[in-house]
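J.: According to this note's numbering, the sequence shown is numbered sequentially starting from 2.
Ranges of calculated distance between the beta carbons of each label pair, as one might list FRET restraints:
id	residue 1	residue 2	range
1	Leu311	Leu284	36 to 44 Å
2	Glu307	Arg56	54 to 62 Å
3	Asp282	Glu82	43 to 51 Å
4	Glu192	Thr135	44 to 52 Å
Please keep in mind that the hints were generated in silico from the structure rather than gathered at the bench.
Every value quoted in this text rests on a predicted model; they were computed, and no experiment measured them.
The beta-carbon is built from N, C-alpha and C at its ideal position, and this holds for glycine as well.
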Amino acid sequence: MELKVYDCFFKAMLKGMVLNDTTSALHFFFTNPVFLKKKQETVMSIISLAYRLSRCFWVVNMISVLAMSFSITYFLYNRFEEMPTRITIENQFEPIENLPYPAITLCTPNQLTQSALEYFNSTLIEGNRTELETYLPLVLGLYEFISLTNQTENLLKSFQDLLEMNRFTISDLLSHVPQNCENFLKRCYLEGKQYNCSDLFKPILTTHGYCCSFNNVYMFNGKMNVKNRNFVNRNVRATGFTKTLLVVIDFQEEDAMNATILYGGATPVMYSDWSEFPSDDELFYHDNYGESFHTLSATYTYCSEEVKSLPLWR
2 MELKVYDCFF KAMLKGMVLN DTTSALHFFF TNPVFLKKKQ ETVMSIISLA
52 YRLSRCFWVV NMISVLAMSF SITYFLYNRF EEMPTRITIE NQFEPIENLP
102 YPAITLCTPN QLTQSALEYF NSTLIEGNRT ELETYLPLVL GLYEFISLTN
152 QTENLLKSFQ DLLEMNRFTI SDLLSHVPQN CENFLKRCYL EGKQYNCSDL
202 FKPILTTHGY CCSFNNVYMF NGKMNVKNRN FVNRNVRATG FTKTLLVVID
252 FQEEDAMNAT ILYGGATPVM YSDWSEFPSD DELFYHDNYG ESFHTLSATY
302 TYCSEEVKSL PLWR
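Put together the whole structure using the sequences plus the hints.
T.: This is the structure:
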């Protein structure tokens, strides 16, 4: 029956080509319902074949991925069973987080202020205060070498007698003569937040005189250096220039006594562990009237004997 339909179809097409022109015959061919039906069936069979091939591809692909994932997990688990702890050497220049800040100590170069001279002029009652302006610069002998002569020895003895007569101690002297931290530290920022500098820095006496120390367990209580019982160790929570400790300082040169500014106005900066007293092991000098950036990074790593005894896997 189908063959008969095709035979009639081609006869009709040939008749159209004979009686009419070729264009009308082709139009008759492409618009004939029999041809359109066969064309639709062919397209649908191609789409169905492509759909089946696509499903097969993705099934094979997913099975392969699952097999690879299982293999990787299996081998990693076996490696973990052989050596549960892996030890690697980290880059010492990587950002350090969740570790305690070091103790950062800033020392003012203004260790003898005009305010101190006025303070002692108003508080010293007994003795001769006329040479007080000559006595006070001798306090710098506690921080730097001063050549002793008969004259300086006599001045020191007279100054000591004056202090003892008014019941002043060396600690009292050292707590009132230098520029204090409130006047030395102007702005303090930590991790992008502004703080009151007195909340971050505590006074401390070092070989460089009266200083202000950040994140240090030691502090000066007005009499001596003691351990701060209310000390809170600060950990590094962010890195980068915008998230670090930023301090604006001013040693107030106009308030210094004549020829008493130390280090040419430079500020000594000491770094130490938070549990150690500030020392000159890590000492830098920050020039006045400028900016200084200090980048801290790990210089070496170490581990305990227990970690060293762990088996090695290569």
